[in-house]
Structure formats: structure tokens, C-alpha cells
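Q: Residue numbers (the working numbering), protein chains in the order written: chain A, 1 to 263; chain B, 1001 to 1287; chain C, 2001 to 2345.
Quick caveat, the hints were computed from the structure, so don't treat them as lab data. Heads up, a few of these hints could be off.
[As the list claims (entries may be wrong)] Away from chain A, derived, C-beta distances all over 10 Å, residues of chain C:
#1 MET2091
#2 LEU2260
#3 HIS2279
[What the hints assert, rightly or not] To spell it out: a stretch of chain A is covered by chain B in this simulated footprint if at least three of its residues, at any positions, have a beta carbon under 8 Å from a beta carbon of chain B; those stretches are:
#4 109 to 121
#5 175 to 189
Don't be surprised by glycine CBs; every beta carbon is placed ideally from N, CA and C.
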Amino acid sequence: MITQFKSGLVPVAALAVITFLYFPLIIIVLYSFNADSVSAFPIQSYSLGWYSVMLQNDSLLAAVKNSITVAIVATTLALIVGLPAAYAMHKYDFLGKKTLERIVLMPITLPGIVTGVAMLSFFPLVGVRLSLTAVTIGHITFLSAIMITQLLARFKQLDPFLEQAGYDLGARPLRVFFVVIIPNVKTAIIGAVLLCLVLSMDEIPVTFFLIARENTLPIEIYGMMRRGITPEVNAISTLVFTVSAIAILLSIRLTEQNQKIPK
Amino acid sequence: MKEVFVKYRLVLPLSLWLLIFLVLPYVFILTQSFLASDNFGQVIYDFNIDSYSKFFTNSLYYTTLLRTLFIAVVVATTCVFLSIPLAYFIAFRVKKYKTILYALIVLPFWMSYIVRAYAWKIILGQNGILNSFMMYVGITEEPLEFLLYSNFSVVICLVHIFTPFVAIPIYTAFEQIPKALVEASKDLGAGSWTTLWKVILPLGLPGIISGGTFALVLTMGDFLTPVLLGGPDTLFISNIVQNLFGTSNDKPMGSAVGILMLILILILLEYSGHMERKYASFKSKSY
Amino acid sequence: MGHILELKSVDKFYGTNHVVKNLNLNVFDGEFLTILGPSGCGKTTTLRMIGGFEIPSHGSIILNDKDITKLPPYKREVNTVFQNYALFPNMTVAQNIAFGLKQKKWDKSRIAKKVDEVLEMVRMEIFKQRKPMELSGGQQQRVAIARAVANDPKILLLDEPLGALDLKLRKEMQSELKTLHNDLKKTFVYVTHDQEEALTMSDRIAVMNAGVVEQISSSEELYYQPKTKFIADFIGEANVIKAKVTTKDKVSIGGQSLELKMDNVISGNEVDLFIRPEHIILNTSSGKIQGKVQEIIFVGTVRKYKIGIDGGITIVATETTLKPSLYTPDQLVYMDWDSDKVSVF
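Bound-form chain A, shown alone (with noise of 0.2 Å):
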């Protein structure tokens, strides 16, 4: 007799981890309109009211500042360094090939916080003093190496004949760079720069110890959490998640679409 899971085992158990993965977070959107500033069960009225708090909050607005300057910044650099170089390590074999493969994964695989304090001593002997500008150095690194990962899976599924085709119709190499890898992989480079975008907004382990006085969001929130529950980090997280939710979808579909491509 075969013994089938009671059918509704899995979809349960399964559905129950997904509650579980989200819950918190309908919470935290829940209680940004509460009305009553103790975070109790059941609300017993809505509001707006810590929106209003939270755009009153100058060094909550400053930090959002902060972040998005750093942001933009370390993902633009990121960029600039990452796509030739991963268009390299794509295409060319060359000498240290493999060692730079290993480096560039270094910020992934290893803990952040010994990346963190790595950078703190020396960053100050290259003339690099702690500031957002230290931030963003150490956001440019890891970002690159998150840059280069999603990029290189890109182009690894890129056709090499369209390439070939390119020069079999006259167009030098830099021409087939721009015109024909370029257009194809234009999906995958806006979907690793929303990704860089979000990560670098919600960075803490490296630029926990490379800040100086000038905070970035999740520092700041870091900080108003220690002083205590203020439901003004329910608001500010509410939008947190819904930008960084639709450029997270937006990523995932872009990376996806790309790989429709008739063989």
C-alpha cells in the first residue's frame, strides 16, 4: 500500500514557513498606523501619525540622505569597475585569472564585520579618514564583487556565437562591446545596479565601523532601537520595504527576462 503524504501536509508546513518569513514584516507595516504609540495587541486605532513624526525627524531625514548619496555613488562606481572587468573574466584567460576570482568573492563569503574592522585600521594609513566617504570605499568593494557575480552569471548565458557574428560582419571588438554584449545584457546590468542600490542602503557590518559622525539609515535606526521603541522606525521601515521590495521584483524580473532568449 502506498502511503501518500496526507495531501495537505506539505502545503501547510510550507505555507506556515512563509507566515513565518513574513509576518514580521506585516507587523512592522501594521503598527506604522497605529495611533497608539505602545505596540500592543489589537490596534486600537489607525493613524498617520508617525508618518508626520518621521518627516519631523531631521537627523532620520538626513540619514535617508546620507544613504541614498552613498548609495548611488558606490553602485555607480561599482558599476564602472565591475562590467569591464567581468566582461574580462568572461571572455580572457589571463594570469592571476583565478586568484582574482577568489579575492572578488572575499566580501561575499566572508564575515562582514572582519571586513568591517579591517578597513577601520587601515583605510586611516592610505589617507582615508572615517567618514562617509570611508563608507562608501567599502561599499564600492563589496558591491563590486556583487556587481561582478551577477553580471558574470549573465554573461556566462549570453549566446558566444552573437559575439562571433558581430565580427563576422565587420565589427571590431570595442564595436561588439557596445552594440552587440551591451544591448543583450542591458536587463541584467539595471537589475545588479537596483540590487547594488538596495544592499548598499541596508549595508551595517562595514559601515558600522568606517562612520564617523554623519549616519546612514540603518546606522541611524540601529541607533534610535538602542535608545528604545520609537513606532517612527515602524514608518520609515514601511517605505524601507515597499521601495526596496518593487526595485527587489524589478530585479528578479529583469534578470529573468533576459533569459528568454532563443537558442
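Once you've looked at the hints, dock chains B and C against the given chain A.
A: For chains B and C alone, kept in the frame of chain A given last:
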């Protein structure tokens, strides 16, 4: 053709950047771990291995490392147990909404770490949502105190944060198992449990190892959750590093602890990579 | 007709792997030459060396008396139709075709005229503004051909271009390619592993095996006078019969003696006789050797007889199905043939 130069020119900016801002910092803390510091926290260029010997003789250091390792194992195991039904469900039971469900586990993967820790704080707090819910429906009379600022809250938060990291590689591994093998197993008279136990789990083992290692390594490197949600005795090895570079201001000691953490993690990664290859049944894997 | 392309003692190594061995090949101006061989025989590598995607390890490639051995692909006056078409997915059909002409810095109106011209040639005018993804396999194939032809290459290189199409479409495209070749009067170098495709389309076929060209000749010559055992086996259906040389000009097949003209063979040696099934004439009274009908298989236009002789040898003979079968299983029959239809290896 000048291709030889082209390829080096393309990787040069990245290589230089990583050398200056990543490799040299690592080399530097390795060096720093062999130096000493004076009473004012200034690093003195005096080569010694005191920091390392202190680590292995002072119980604060090595017991903290062991405790961190223990909690990391608990977190990783829990993540794996939560991920298997989830991955199984998406890989084998769902057809139509596969992409949507997959996006549902990828989404929290990238979601703000700090905000999720914050969420658990308002859920588990003494006057928090869970306690007030339980009193509201009459399960308890008094708020339960052990929920927050304890190992319990640290574990639950870390499990919540790292489960997507574990579920994704397990799902990828399950998805690579040819559906025909599962059908063959059932055709040969094996029930769903036997198929799961004898076919799916062994074939998905590399993904399980890979995912478990992620959770293990990430927990070991975490220092925020213990600070935000942990109790007075919840101290991770990372918190010691953090303190040595902060209030205690003993950078050589901090560097040594960091380097030892790094070595332990590299050994774990190497070993898990070895196990993944050993149990790999299919070629071309990347999680 | 003179040579347009010459490959002189070309060798290609990948590491220690010797994939093309001392290849000498002359391509006539305007011919349809097919390089035929099983996978891994070096045919695609040869084509890629002509296209400029691989550089020979030794030897030279001469196009129109000019040494192009080390010229990059974008400086060669040859164009390739790739196996999986390699159409740029980000460009429309028209943009794909215009791509090569833009590299030549043609002006817009001239490009537009040429694009229309080649699209008309492959009957794809109405798909001009489509993206490759929106086309069927056969349509993508036509665009790929049009894109290559638009550049007016000295030689058109085709790398298994029909491999991805289904059987019916492949047959259609074969005859279209042949027509295109006649209309364009260009040199085609075509690579395939499909012998039927090679036989139907080519002026000449070069058969490659393990990095070596074993024979270059017309389809008929290849079919009826194969020079090596590999070719005899590879092209079409053939009987390869083991025989023992008894005396000069005599062999024994499963105990039956047979007269056969042979050069340079020593008594006692084993040889392989090669004969096509359709060249064997069956009758009941007399013939070169005798056997017993084992099986009769109806395959449409022909009827196939499997005839067993002593020594465990089976010979296949075919007859047209226009007449009813005169033989039944287990019947003894004689097999006869014209002596010049037999090759000996």
C-alpha cells in the same frame, strides 16, 4: 592583435581597487594581530603572539567562540528543517505559481536586516505584540519575560533572517532532480516518505549542505542581533571583536580574534565545499 | 574555374589534441562544397579557421591569392551562417541585416535598398520589423542567411545551418539553399554531419574523419566509388563483407569461392568487399554466390532482403516494389552483380 593588453586593461582598475581596499586591509589586520597595544590603545610595533596565546588561555574568548558555534549550529539546523518542506513544496508540488512562490522566498533574502531585527523586538517585547495577544486571548495572565533579550529571541530572529539563504540553495538542488527519478521511485512502489528519504534528500544533499553552511557562517559573523535582542549573557565572538575595536580599544587582540574567526570560517567553507562535491550527483552546480 | 580558397597543410591543435591534420583543400570559385563528417571530425574547426574564429597552428589559408591565415574575422571577406543563427535578439530583422553594411559605412538609403533586396530574396519582406524572438526556426534561418549574404561575401560559410530544424523544414530549406546558390553564383562552403543533405546539395563533398580529409569528389563518385572503408560505411547503406583471399584474383566468402580482380593482395589476407544493396541482382538459377532468404522487409519504394550465407554473414539486397516479390523466406537464391560495382579495401 593587442588583445593581450586589452584584457589586462579591463581588469586593472578592479584589481587595483581590491588590492588597496580589500587585500591590504586583510593583510594589515593579520600583521596587527601580531603586534601589541599600550595602555592608551596605541598600536606598538612589537612583534609577538600574545594575542593568540591570550585567546586560548582566557576562557572568555574560547567559551564565547564555542557558544557562538553552538548557537550557529542550532540556527543552521532550524533553518534547514524549515527550508526542506518549503523547497519540496515549490520544487515538486507547484507548477503554475512556481515563479511567484520562488520570488516570495527570494524577496526577504534581500530585505532590510535591521528592520527585521526591529520587528522581532516589537513582537517579542514584554509589552509587545505576542505577549499582549496571548493575554488578550487568555493564554497567559502575565507577560512572558523570556521572549525578548534572551538566546531564544536571538535564535528566532537569526532563523528568520537566514532561512531564505538556506531555502534558495535547497530549492535549486531539488529543482535539478529529474522529475522522472521521483516518478520512477513511486512507480517502483515507494511511498512519498520513502521517496523523500531515499531519493530526494540524498540527491538534494549538496544544496542542503551549502544552505546549512551559509546559515552557520552568517550566524558566526553576526554582531547586531545579540546586541539588539540578546540578553546579558548572549555574547557572540563578533561582539568581542566589536568591543576590542571599540570601547576596549585593543586592536591587536581584536585583529587576532578576527583572524581566528576568519580561519575557522574558511575551514568550514572548505570542508562544506568538499562535502558538496562528494555528494554531488549531477554536474554543473552553482548555488 | 579557378581556386578562390586554398588551405595549405593546415594543422590545428587544442593542447595536445590534434583536431585537424595536414589539411589541403582547394575550393573552386562558385562551387557548393560540403565538408561532411561525424561529430568531432574537425569539420567545424576547419570552417571556423576559414571564418577567422580559430587560427591554424600550422599552415596557411589563401583567399583570392591573399594570405588571410591570421586576419581577424572582421577583416575577412567571408561571412558565416551560424548553427544557432546567432541573430542579435535586441535588433529587428532589418537591423540585423543592416549590421554588417553599417560596419562598411554604407549610407542609409543604400543600406535600406540592400536590406529590402535580400529580404525579398529569402521571402521575408513582411517580417522586416520583427524581433528574432518572434520568428519561427525556419524564419530565423532565412534571416541568418540574408544577413550573411547582404555583405556580398567572397565565400558564404554555413555551419550545420539546418541542424535545429525538423525533418520536413530541413528538406524544404535544402532545396531553397540550392536554388539560392544557383541564383547568387557564390561559393558556398557547407558543414554538415548529415550525408543525405550533403549528397543532395553539393557540387563536391569533402569527407573528413578524425581530422583528415579522406576523399573529395562529386556526390555520385563518393557514393559509388568510395576510396576508403570509412566512407563506404558512412555514406548510404552498404554491405561490407569479410572475405579471405585464397589465390590471386580469388576470394572465399563463407566457404563459397568468388572471382575478383584485386591489386596488391597477399593470399591468406582478409579483405572487405563493399557493395550497395541495390546493385545485387537476385535470381533463382545462377549467380556469384548463393544464400538463404532470412527476412523480407517492405520499406516503401523498395523491398529489402536479408540473405544469410555460411559463416554467419548476412548480405542485404534491395529490389523495387513495382513488381511483386518472387522469393519467400528460407528460399535459396543466387546473388549476382557487375564486377565494377564492387570495391575492395
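Q: Which hints, by number, does the structure contradict?
A: As far as the earlier hints go, 1, 5 are violated by this structure, in ascending order.
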